[in-house]
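Chemist: With chain E fixed as given, assemble chain G onto it according to the hints.
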Amino acid sequence: MGSKHTNELTYDAQQCSPGSSSQAFSVVNVLCFLVFWLCIINAWAVVLSACFQARALTAQTAETDAIRFLVGTQSLKFDNQIHIIDFDDENNMINKSVLLHDAGEIWHISGSPADKAVLTTCYSKSEFCVCVSCRPASESRVLTCAAVWRMPPEWESGNHESPDDSSNNPQTLELLCHLDNTAHGSVACVLWEPMGDGKRLISLAENHVLLWDLQESSTKAKVSTATLEGKGQLKFTTGKWSPHHNSTQLATANDTAIRGWDLRSMSQIYCIENAHGQLVRDLDFNPNKQYYLASCGDDCKVKFWDVRHINEPVKCLEEHSHWVWSVRYNHSHDQLLLTGSSDSRVILSNMVSISSEPFGHLVDDDDLSDNEESQQEDKGKEPLQDSIIATYEEHEDSVYAVEWSVADPWLFASLSYDGRLVINRVPRALKYRILL
Amino acid sequence: PLWIKAAAPSTNNNSSSTTPPDSDPNGRRRIHSMLKLYYGLNEEGKAADQAESLDPCDINGPHFDPEVYLNKLRKECSLGELMDHESCMVKQIRSLDSDMQTLVYENYNKFISATDTIRKMKNDFKKMEDEMDCLSANMASITEFSARISGTLQDQHAQITKLSGVHTLLRKLQFLFELPARLNKCLELQAYAQAVSAHRRARCVLQQYSHMPSFRGIQDDCHVIMEQLAQQLRQKFRDGGSSAKDLSECVELLLQLDEPAEELCDKFLSHAQSRLEADLQGLEAELKDSAITDTDILEFIDRGCNEFVSSLCLVIASYQELFINQMANGKLHVFVDTLAARYFSLVERRIQEEKGVSDNSLLVRALDRFHRRLQAISKLLPGSAVPSHGTEIVVQAARERIKQYLSALQTFYHDSLTDVRQALAAPRGASSKDATPSLPELLASLSNFILNQLKSVLASVHLFTAKDITFSNKPYFKGEFCSQGVREGLVVSFIKFICQSSRQYCESAGDRGGSTPPALLLLLSRLCLDYETSTISYILTLTDEQFLVQHHTPVTPVTALCAEAREAAQKLLNHYVKVQGLIISQMLRKSVETRDWVNTIEPRNVRAVMKRVVEDTTSIDVQVGLLYEEGVRKAHSSDSSKRTFSVYSSSRQQIRYAPSYTPSAPMDTNLLSNIHKLFSERIDIFSPVEFNKVSVLTGIIKISLKTFLECVRLRTFGRYGLQQIQVDCHYLQMYLWRFVSDENLVHFLLDEIVCSAAHRCLDPSPMEQSVIEVICERG
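The listed protein sequences derive, respectively, from chains E and G. The C-terminal position of the first sequence is numbered 436 in the UniProt record's numbering, with every residue numbered one higher than the one before it. The C-terminal position of the second sequence is numbered 779 in the UniProt record's numbering, with every residue numbered one higher than the one before it.
Simulated from the structure, these hints should not be mistaken for laboratory data. Glycine residues also receive a C-beta, built at the ideal position from the N, C-alpha and C atoms. Don't take each hint at face value.
What the hints assert, rightly or not - Reference excerpt, derived from the structure (chain E facing chain G, CB under 7 Å, subset only):
1) 142
2) 321
3) 342
Chain E with its partners taken away, still in its complex shape (with noise of 0.2 Å):
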């Protein structure tokens, strides 16, 4: 462990602040003990500073041995840097890797399903030149855009020797091909599909849904939308393809509404207006109940709706103090549900009564003979009750993005603005309940 906190130590000093005075190498190292002494009291939590503002964050879809996920910055003065987190588990160790987005600042990532050297960004770019000290021209203005990246094949093979060479020259990401927006307007996120070939995806950009086909080589894409109607600014804030149905619904989200779309004929099959009593912030579908979708927002609640019966939730969850900004379902498990609030908290709650999974347990009537143990079995294990888990309090900012891993279905992380994300584990005797 000692190891590791001067390895986290000195990580921080030089990626952080190249060129400052000793007093601030000082207030860095008080600070990096002070937060890793936080992550000792919390036995199942890692902390680490990314020192850049941040917003965007994904597990990398299509890795499925190693925990990693992605991280992208948000930063106007520098060079936008996206991180991969691999956390060692059997070690509790955290190593970072730093590629190049000199594009703009990250609003959001997104993984490819297919392969996992594949991402997207959404990112905005200012046209504005900040070196010139004259008035800001009155054609400034900034646009967000969205790409579809590779990382270069070396980025994994210099990093785990020296953290120094990768934050000292740090590699770029390669362009695959430009989501051009230009006549649609800012994107709010781009979606791949759900277990597809990494062929298609969908971006959203202001009220326009624009579904893409990447070509061979995956440069060229071929694009078809679908425009929201309405009065006023109609904008999409978040979207989500679902899973199932062969991946041909799509739910989108604009200020209190929920709407699902159908791809194949590009058109809306259910409206839910006034999900939430202010603006929704995220959707997420249950990886194993078809019609089941998860929303949060500005109220402060989380919502499940069954999409057949729109007029009610199904259920309601009001746990935080300020605006929920990502929901997310666990990918096996799905009564596990993860949130992440302006209130820096990350909430785990447990929704057995929606889940999947039998809710309660069923007796056997054979096993006459094993009865007694049964239920003695039965009184130690009353049936799990929809309940909040856990909340972690390891953010000190708001929490904008939550994150399940994909290897490991126990363990997620969140990221906070000021960069730092936390990787947690579901608490082992819940587990061991949920397994056994």
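Modeler: Here is chain G on its own, set in the frame of chain E:
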């Protein structure tokens, strides 16, 4: 002659006595006694005297012997004594002689007249003897005559006696012979009672002599007539048109005619039933019409009582009078029960129609009358289930009534809330300020309205337990009605309803974006809080006092209700904070989202939206201040608005922005803010607030500023954009500190906003603090 004989010896005797006869009364008595002795009238008691007088020496005795006496004296006495004795003797003789002479003289005339009378009598008696002889002769002849006459009259007397016997018999026979005619006449005149009594008189005789053909004929005739009569009676009975009294008379007659009692009884009941059913149908018709004709329940019950119940009572009474000896009561019970059940169902229907809660006394009086009249049945027919059923109906009606009152109270509550809502909405539209009441007035009037309504309802319900109401003595009305019905069912339920509906305001309004005006939330919150502090206990005490509730069953304690009210108040206030915070948040969010912050011009003044925020906050402050107390705030300096901000801007902000041209800047700011956050407490944005103004305002401002922060973080700023944010934040700083409990909170959040804006700025060159201040003061 008797007199003379008597007089002489007495004189003798007297002269021989030693004492003078007139000397004293004793002497006279002695004279009398001596006279009596002489005439032999002596009594047995005088035997001693006789023995005494045997002495021959006794000069007064009858056996006196002068010789013996003289010898004795000579022998015994001296000369002197003899001389004395001789002279005494002479004296005595002399006095006795004079006495005798007096007596003779006295009695002489009487003696003469007596002699005359006797002589006259001798003559008269002779005449009378003749007359008596004549009389006796006459009497003898009369006796002879009389004997002769009686001898001759003896035969005739026997004949007369026999004749008079025949006469009476003949009269009886005449009655019998006339009977058919008489019966016919009675039949014609419908004097059935006479006919029956006449027939009864003759019946035995006819029965006895029925072997004689003539009597048999009469009997047969009579039978025919009586049969006819019975037929008519039955007819009359069957028609049933007559009154119950007639009917019972009819039955009585038929019974006397030896009709089978059971059959009659059935018929009687069936007739009674048909009549009672007619009554019931009348009631039912009225029940149907009641919607149109608008008769009140008292009239209905009155009619029911007067028509149905009284006829039922009459039927019961006459039944018992007529049949009770022959029949078991079972039939009557079944009869009464079935009819009463129908009656009850009608009454129940009518009671159910009684929905209006305006006048409870009418219902109570109607129920009272209903109940009272049923008591008559219980007296007439002990052991009947009818009165207890009636009581059940009353109890049921009372229960229903409580439910109706509860729902009426609930509607009233909703209505008054609607009124309040309108009153709250009015000031925005109408400019006339004096017409619209302020919040505290509204609260007071709402609270008073509810309390008064509750009181009046309690008063109405109290009628059920009034002393002069017969059923108020029933155990239900003494116990369960008071505790379970009124206290739990009405008062507690109403209070719970208030809390419940208040909570609903929080839930429903949350999703639809403030359909409830925030002021109403605030008002309700205060109302619930007031209920918690005083009103609930007051209402419950009032109820307990009025109804003398004895809690047999567990009742909701005051504390539980208070807790519920407090919870509702808390929820409402939280929701108020949320709604108000949301309103301001939305303003801030729109202002941040819609502006192009990159290409904005240099700030010249504070943006209008900030002024609006401050204005709104101030008005909220005023609004809350009307209903809630100030609350505690952490101590702060008198001039916080300037001083603290200047410190904040000069020292910390300088550190933040000054190195921003060097590459290490983001790390520095990050570090500083991280350190700051590490040591500052976590701020819960949507957290419960306390019941005071400062806490409420703090909550609202927290929500607003946090929204501002999050929105700023989503935007990209140009140089002037950042400067505009600086100006805005300074302006907010100047005005908002005074509303919150801990001004550091505002500092921290504003600090965070400016800091985030600086991060999101393409060209972070902050504005001079002095310029900011000038702009803010100007605007």
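Chemist: None of the hints should be skipped; say for each whether it holds.
Modeler: Outcome of the hint check:
{"no.": "1", "hint": "142", "verdict": "holds, 5 Å"}
{"no.": "2", "hint": "321", "verdict": "holds, 5 Å"}
{"no.": "3", "hint": "342", "verdict": "holds, 6 Å"}
Hint violations for this structure: none, all hints satisfied.
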